[in-house]
Amino acid sequence: MARNALFGLKRIFFDRIFQKSFWTWRKHPVIIIPTMLGSALQLILQSILTLVLMLLLTGWALAGSLTGFLTEYSNAGLFGVFQDPAFSFTLVPVVAVTVVALVLVAVLGGGYVYSAEYGMYVFAWNGDSVPVKSVLENGSRRWRPMAWTLLLSNLITWGPAVIGYLLIVASAASVNSTTSLVALLAASSVFQPLLFASLILAVFTVYSYPAVVVDRVSGLRAIRQSFRAASHNLGITLTYVVVRIIFQALLLLVVLLASVIGLPLTSLITVVLSFLLTPILHLTKTMIYYHAGSSIPEMPFQISNPIWQDMFRQLPRAAWLKIKMGLAEGFKFVIGPRNLPFHILSALGFALGIYMGYYVSVNGVAGYFLSLGYQPGHGNSLLAQLPVPALPALGVDIFLNNWLVSIATGLSGLGFGAPSFITIMFNGFILGVLVAPQLSPSLTMFFAAILPHGIIEIPSFVLSGSVGMRLGYAALKTKFRRGPESDEYLSKTLRVAVYVVVGLAPLFLIAGLIEADITPIIMRTFGWVV
Amino acid sequence: MTSPQAVNQEQSLSALVQMRMKTDIEIPIVRLLLPLASYLLWAVFAVAWWSTGASEIVGNGISASILIKPTPFVAGLGVLGLAASAAAAYVVFTLVNRGNEHSSRTRALLLEALSALETRAGPSSSQTLLPLNSAEECFYNLVRGEREKSAVLWALLSSIPFVGWAFLAVAQWRLSRDLAKHSRLEGLVFEDVDRTFRTVGTRGMSVKHAPMHSHDALGVTIVVVSIIELLSSAVLGFVGSLVLIYLTVGMFSLFWIDLSMMDPTGHFHYHSQVEADMLRALQDTAIVNSGVA
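Protein chains in written order, with numbering that gives the first Met the number 0: chain A, 0 to 529; chain B, 0 to 292.
Incorrect hints may have been included.
Listed below are the simulated BS3-like cross-link pairs for lysine-lysine, each with C-alpha atoms no more than 27 Å apart in a straight line [claimed, not checked]:
| # | chain 1 | residue 1 | chain 2 | residue 2 |
| --- | --- | --- | --- | --- |
| 1 | B | Lys180 | A | Lys9 |
| 2 | B | Lys21 | A | Lys19 |
| 3 | B | Lys207 | A | Lys19 |
| 4 | B | Lys148 | A | Lys9 |
| 5 | B | Lys180 | A | Lys26 |
| 6 | B | Lys21 | A | Lys9 |
| 7 | A | Lys331 | A | Lys491 |
By construction, these hints were calculated from the structure, which means they are not laboratory data.
In this text, all values refer to a predicted model and were calculated from it rather than measured experimentally.
Chain B with its partners taken away, still in its complex shape:
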């Protein structure tokens, strides 16, 4: 007979699995237009601001009144740019928040699954306890190794005019590293959970390696290119190098947003499969246990 505790565990596991529809969402690629609009608008703003006399003051130190009182046209562009930045920040929020929610849900799901296995295993043989203990240790590493980044903070940092693009790149880099680490650590837990299921006589889960890449190469490229561009100020002038950095960081970041939107899709698909397997395996365990009883 299935105990009430086991029924509760199954229900909460099932609820966590169903939450996948809300956490592991696909972000429409059309949303890439929002940061693109922000990028273009701020570029136009910079050109307009420059052409209305800002060029005269940069050489003499930034203290002129134009910074405080731009022309109405430039100010209008600035207002539009801020609106576009807010929209771009929303995209950043969605990406970082999706990563956070996926990781949080996975942790909650694995904690429930391990508790359920522990209940079902009881004072079982060492054959069952060994993989279970190993799974719990891997889970501990997963919990300790994952650090959530505030989506609100990174979205706001990304919405700062011009400087925000650097924050956006950093946010994408950290997000991709976090997701890569997450997929690696959770993979280990899944493997041990699968082994535990098999030792209690069920079919287990179809665990396969579904890694996500950290795109470190892309991050390093942005940093190196930006440093080269900064050093080229000796040739191009300070303003010229700033323009180049804006173009480089902006374009790389847009590309990276595209990667961040698409990258986790495979991983999410893998989750849909492995979580269904896990639920079924747990139900099987209950049947096996009741059969034994």
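One chain only, chain A, in its complex shape:
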């Protein structure tokens, strides 16, 4: 009877799953790659916007109407520009196409990323080794059902809140009579219950994505499964939700308080969230859903090693080992003769960006910045306000921010190389805008502000673009020349890309520290007011 005594008493233990999730993350660090791909997807979305922006500005500059556009924009705002037939003829279709492209890429790309992410969690939970290629295998396996579920789940969950918000916006647009004021008040009072409904729905749709990979369902069935699992295991679901909210709220509080004392920690917290908390919590969520399945037995009792000791002792050493491997891989990538075309392409993208930026700057953008109050020869005044002990922290913040961007740049190459190229081009574009004579008093002063840290930072960015383009080439090869050889090449390139961008960390750290601590001194020496 003893064994039978447990029948019907299966329970899911949050702590056991959470602790095993941590150790799974430690054992298979490769499971953070989908999270990296998530930030790459954000960059792809951003690169659509930056491409549109760069092309529009350059097009208007070539047509000689850029100054007119900027004047109209500063006088009448974006709404006024849309009403002017001279610009709306171009702007309206471009904006419409951009919005459609953004939604499509977000949904389809999200489907791929989440399919890779949740698929890997299930694989890593019981697996002894998780190769990099499983990211691609899991991504391509369930991306369509995941994209469909992502769209439906978000519509159902956040639809009520969005409707409430739109009602407020619509009624606030024309508050000029008693009736419209009443409409605004009514919309405001409707918004709160709708938002509350969305938050409640968010609790019940929390398992929609795990359902796609665990139960191989999609769309409404996945959402229904999620509702079922959440309502049958409400206690542990609420525990998960509360744990997630408190973690994020506490981290936000740390950022807010630290920013007051001049400690910029935003990038550090982003790194902690992206590479540590999100994978562990998503893995926990997936495994709660997995263990909620009726055929899965109760998790056996096991003693878990203390997490805190590992976090402070073994984890930094393990991270350093990965970075060292990344440095070696990066060096091999730089000197590899087969990678030369990608290096050249990346450098060309950067140079093209500088040229385009310079062109739009001298043809109107520089004047627009001057009209906004930009003073040539004056650096960022925020730097002067920071206390000296906070400067290294600022350096670390700059490092982490640039590193995250370079990770996203490198891995966004999976979108057939274009996002990496556009991102590198946009970095050059910004530099090109700043190099215009109206904004930089002299080339010497410009170089004094850019070169001290840029001499390390710019090649590092170009290198992340280069590895992204190789990834894009591998993705194209897999798409058009299907076969195990192409798949193998893509897996190998993804592995190289991950190691290269991880190995760039020390370079960005040095560049960041120089940018925060040394560049301002050099700038002052060359006449800048910082």
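Keeping the supplied structure of chain A fixed, place chain B upon it in accordance with the hints.
For chain B alone, coordinates are given in the frame of chain A:
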């Protein structure tokens, strides 16, 4: 001759008994300093925040920018307070996790012991089966009656500034109630297991009652005092009553953490004895059985 199944059962039982060194740990009393530091730091934070102008806004509704943008000194205290809260949360995690692991290990141990007894008893006389069935029923009640509280959740709730002290008190109360219930239910299983051992001709285990107390009186006191303090806002003002509640709940919680650290020590000591007895009795059963064979 001892069957391979019995050997496996003995090995896994022995492994579970050895796990006691990791689950039934003593928490050094010096760790009480961590929540104490958190308590003091947040108190200083409140005073500093109050003295930098917060007092002007509380009466007019909490909407002023000071909440969003405190002075650097207050923000620095806040950062230190959060660090101390994290350390205090670690103590809460350790306490709740220790309770969970002890209960889980006990359940796993008893399940193995009952399975081993079942194997050894076989189609035995009703004299043996009666206490064994009773033990299994008590074990079922133990499994059904125990509900693990997430140590991660309660640690995080306790780390929320100010409000966390209320969660800390609730966590301690629930922990003490759970442990009291655990000691009561497992005691019944141990008694029946002991009876089963004796019916098969071994010396049995030295089962004694080692109860843990739920400290309900302390919990009720905190609630009653807090309600009185809240009602006294008519005399002291809202802020005054909040200060009193913070002082009361905080101090009671610190005292309770001390109790939670020390309380299970006796129970753990009892386990070390009873588990060794159980292992020995099981080995004796094997000898008795092989003798009969």
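Consistency of the hints with the structure:
no.: 1; hint: Lys180/B <-> Lys9/A; in the structure: holds, 20 Å
no.: 2; hint: Lys21/B <-> Lys19/A; in the structure: holds, 17 Å
no.: 3; hint: Lys207/B <-> Lys19/A; in the structure: violated, 36 Å
no.: 4; hint: Lys148/B <-> Lys9/A; in the structure: holds, 16 Å
no.: 5; hint: Lys180/B <-> Lys26/A; in the structure: violated, 37 Å
no.: 6; hint: Lys21/B <-> Lys9/A; in the structure: holds, 25 Å
no.: 7; hint: Lys331/A <-> Lys491/A; in the structure: holds, 14 Å
Comparing the model with each earlier hint shows violations of hints 3 and 5; every other hint is respected.
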